[in-house]
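Chains as they are written, first to last, in the numbering used here: chain A, 1 to 141; chain B, 1001 to 1138.
There could be a bad hint or two in this list.
Stated by the list, open to error - The calculated DSBU-like cross-link candidates involving lysine-lysine, where the alpha carbons are at most 35 Å apart (straight line), are:
(1) A:LYS136 / A:LYS96
(2) A:LYS96 / B:LYS1133
(3) B:LYS1090 / B:LYS1133
(4) B:LYS1121 / A:LYS136
(5) A:LYS136 / B:LYS1090
(6) A:LYS96 / B:LYS1090
(7) B:LYS1090 / B:LYS1121
(8) B:LYS1133 / B:LYS1121
(9) B:LYS1133 / A:LYS136
None of these hints come from the bench; they were simulated from the model.
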Amino acid sequence: MVNRPPGIPEDAQIASTGGFNHYVGPLYRLSDAEDGAVKRFAFAAAEQHMNGAGTVHGGMLMTFMDTSMSRTSRLISGATGTSTVSLTCDFVSPAKLGDVIESRVRVTRRTRTIVFLSAELVADGRVLMVGTGVWKTSGTE
Amino acid sequence: MNAAPAQLAGYGETSLIDPFEIFVGPVFEIGARGARRFALPIDARHVNMRGVIHGGMLMTFADLALGQAAWDACDHAPCVTLNMQSQFIKAARVGDILEVLPVLTRRTRSLMFIRGDFEVKGEIVFSVASVWKLLGQD
């Protein structure tokens, strides 16, 4: 078995295969919830993710938000590529070193070329960040 | 210390404290306090599999640059991001230099409204509006 940080399930799949996601990762995909209506992702907050105040940097939380929502936009649209068009993030509460941060992504609407998503980041049952965004799809499988 | 690339002659390296910003940096700046312009030379770490800068890196640079502007505006009082609205207008790539001059729209006793248009070669590729909270102020 692959080693996973504490709190990341053994069956979690690596979701950060290359590029910036790999550099800041690993990021994981967890099993779906609510009969597939909620796509779930996770990462464990490590030293390099922190800010000077000892909490997880907002840029890392927004990166995880964008990655988990972008991945969801591809999963549900079948598109080979999607691009974030707009993303709004509310910084609800801070996260700390070692927290396992989970993203729960829901689809609001999907049209032929546009996907509307909402998501929340949670740790220990506490909401850290709420996000809503719009994705443009390109190419279909 | 990292030297600024040749295209950023006259710029100095921004002093960073946050481990995550040091991890994804360096960034460079020019101008006086309260009117600093920030620049990110995009390298291979910052991009996705298509060679385009990752949205997370754009938002991280926005949090960094607009946060520095917030700090200038509140005399280094502790403040945190409350909200960030991001528009991803055009792809930027490895080798591009992303620049922003943050604009303080309004400061109240406890809040700061700061926006920024991020440009590559004078063309806006990313645009952000953000709200910041001064800690300890009602």
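Quiz prompt | Unmet hints by their number, sorted upward, for this structure | solution = none
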